[in-house]
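**Student:** Protein chains in written order, with the working numbering: chain A, 1 to 304; chain B, 1 to 185.
These aren't lab readings, by the way, just hints derived from the structure by calculation.
Here the structure is a predicted model, which is why all the values come from computation and not from measurement.
We put the CB at the ideal spot given by N, CA and C, even for glycine.
Mixed in with the good hints there might be a few duds.
A few chain B residues facing chain A, derived, Cβ under 7 Å [stated by the list, open to error]:
| id | residue |
| --- | --- |
| 1 | Phe84 |
| 2 | Gly90 |
| 3 | Pro96 |
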Amino acid sequence: MTHLLSIADLGREGIEEVLRVAEAFAEVESRPVRKVPTLRGKAIATLFFEDSTRTRLSFETAAKRLSADVLSFSAASSSVKKGESIRDTVETIEAMGMDALVVRHASAGVPVQVSRWVRRCKVVNGGDGWHEHPTQALLDCFTVRQVRGGVEGLRVLVVGDVLHSRVARSQVLAYRALGASVTLVAPWSLLPPSLEGWPVEVAEDLDAALPGADVVSLLRLQAERGSGAFVPSLREYTARFGLTARRAALLAPDAVVTHPGPMNRGVEIASDVADLPQSLVTRQVANGVAVRMAVLFLLLGGAM
Amino acid sequence: MAERERSHTRGGSFTPRAHVLSAADVQRALVRMAHEVAERNRGLDDVVIVGLQTGGVPLARRMAEALHDAEHVEVPVGTLDVAFYRDDIGLRPVLPEAVTEIPGDLTGKVVVLVDDVLFTGRTVRAALHALSDFGRARAVQLAVMVDRGHRELPIRPDYVGKNLPTRRAEMVDVSADGVTIGVLG
Chain A
1 MTHLLSIADL
11 GREGIEEVLR
21 VAEAFAEVES
31 RPVRKVPTLR
41 GKAIATLFFE
51 DSTRTRLSFE
61 TAAKRLSADV
71 LSFSAASSSV
81 KKGESIRDTV
91 ETIEAMGMDA
101 LVVRHASAGV
111 PVQVSRWVRR
121 CKVVNGGDGW
131 HEHPTQALLD
141 CFTVRQVRGG
151 VEGLRVLVVG
161 DVLHSRVARS
171 QVLAYRALGA
181 SVTLVAPWSL
191 LPPSLEGWPV
201 EVAEDLDAAL
211 PGADVVSLLR
221 LQAERGSGAF
231 VPSLREYTAR
241 FGLTARRAAL
251 LAPDAVVTHP
261 GPMNRGVEIA
271 SDVADLPQSL
281 VTRQVANGVA
291 VRMAVLFLLL
301 GGAM
Chain B
1 MAERERSHTR
11 GGSFTPRAHV
21 LSAADVQRAL
31 VRMAHEVAER
41 NRGLDDVVIV
51 GLQTGGVPLA
61 RRMAEALHDA
71 EHVEVPVGTL
81 DVAFYRDDIG
91 LRPVLPEAVT
101 EIPGDLTGKV
111 VVLVDDVLFT
121 GRTVRAALHA
131 LSDFGRARAV
141 QLAVMVDRGH
151 RELPIRPDYV
161 GKNLPTRRAE
171 MVDVSADGVT
181 IGVLG
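In isolation and in its complexed conformation, chain A is listed as follows (with noise of 0.2 Å):
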């Protein structure tokens, strides 16, 4: 495997790899000195065409972890603003010595074009569009294992606006390959137009479907991509489908609340609801940085 584009790139066995290896980068984190000598040598560049907090700070941070040396690129400050195309972007970045980039952009499929531009580094898919994110969908499966002990067996519900979120597809492939059921929770106006050929069931009603899941992957409603207008109002959308205190309660005891962040508070996660301790949205952003670290380990070290 050269490249990290999609989860479908990693089947089972990959993704469990990729779980495993995060497990020694995790312990890596609670060290004193919290960084090794693993990938000293090698350079990583961000290349954000879409803006982004915790992905990229997490990924730049990995790379740092991991003793690379980090190059960051956002094109709302380059030379894309006087016109420059991706290509030559990417021939640029990569002429400077480059192993490897992370590469996020509001269109789908900009990271697979982007892989067969190169000529030596890897590419890692850091969220394209409304297509996948799939290291967001690798530390959510990392992060429910290390609390639920597994993921085989579980029955996760995908709650939200499924049709913008690149998040939901790729935990759909993730979690299916590791042996959960994934259930899509949203109104009709957040599904994809067809859902044929996907592995999973569908439901309208929050509160009958929430006491017997295991995992609740709540989405964001993406108001940049223009969600707002698929509900008839924002307060409508949480009446129905917010996890609201009301609607925690009806959870099982054992049961996690997951969020990709950056979280609409009062949306689709109540505050309250948000600092719950099933809550588990800051253990995902600390479990990020080493799943993270294990995939760039496994494509510029490892044995991807």
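Dock chain B against the given chain A, drawing on the hints supplied.
**Tutor:** The following block gives chain B in isolation, referenced to the frame of chain A:
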């Protein structure tokens, strides 16, 4: 070292040629090395035993037991996986094999590193680098069940179970049954 050289990524299976030490021989050597550790350090104050993953870990535990029998002291035991510190990352598949668990800050401690086989010395070099991230040990000593020669770095053991001249292509296996020399294939 032998553990990793033998790992499936290199291909081939281990064919035993000669049984060099029995299980009882290994136990006797361990007890002797434990006494040497206590003698050399004039007791076990500040001594921490760290087994290298994976072959050194059971030996480290057994050495701690032997020390307990001899000196009636509980010596802290840790484990160390050096995958992230190896110098051959990118040359061949390197994967962490098991957990690292160091008991507390090593600053001021005497660390006895334990491994099954000492070969090129590269695992020990990686281990010394890794240990320094857990504090500044007062001293690091090296105990190995088998020293098979062929060093590539200026590293020598402080405690040796058995010096075993080998050919480079041979493999040395240390298990619960004792020590066996063999070849791949």
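**Student:** Determine for every hint whether it applies to the structure shown.
**Tutor:** Hints, one by one, checked against the model:
Proximity of Phe84(B) to chain A holds as hinted, the smallest CB-CB distance being about 4 Å (cut-off 7 Å). Hint on Gly90(B) holds. Least Cβ distance to chain A is approximately 5 Å, under the 7 Å limit. Interface restraint check: Pro96(B) against chain A, minimum CB-CB distance 4 Å, threshold 7 Å, status holds.
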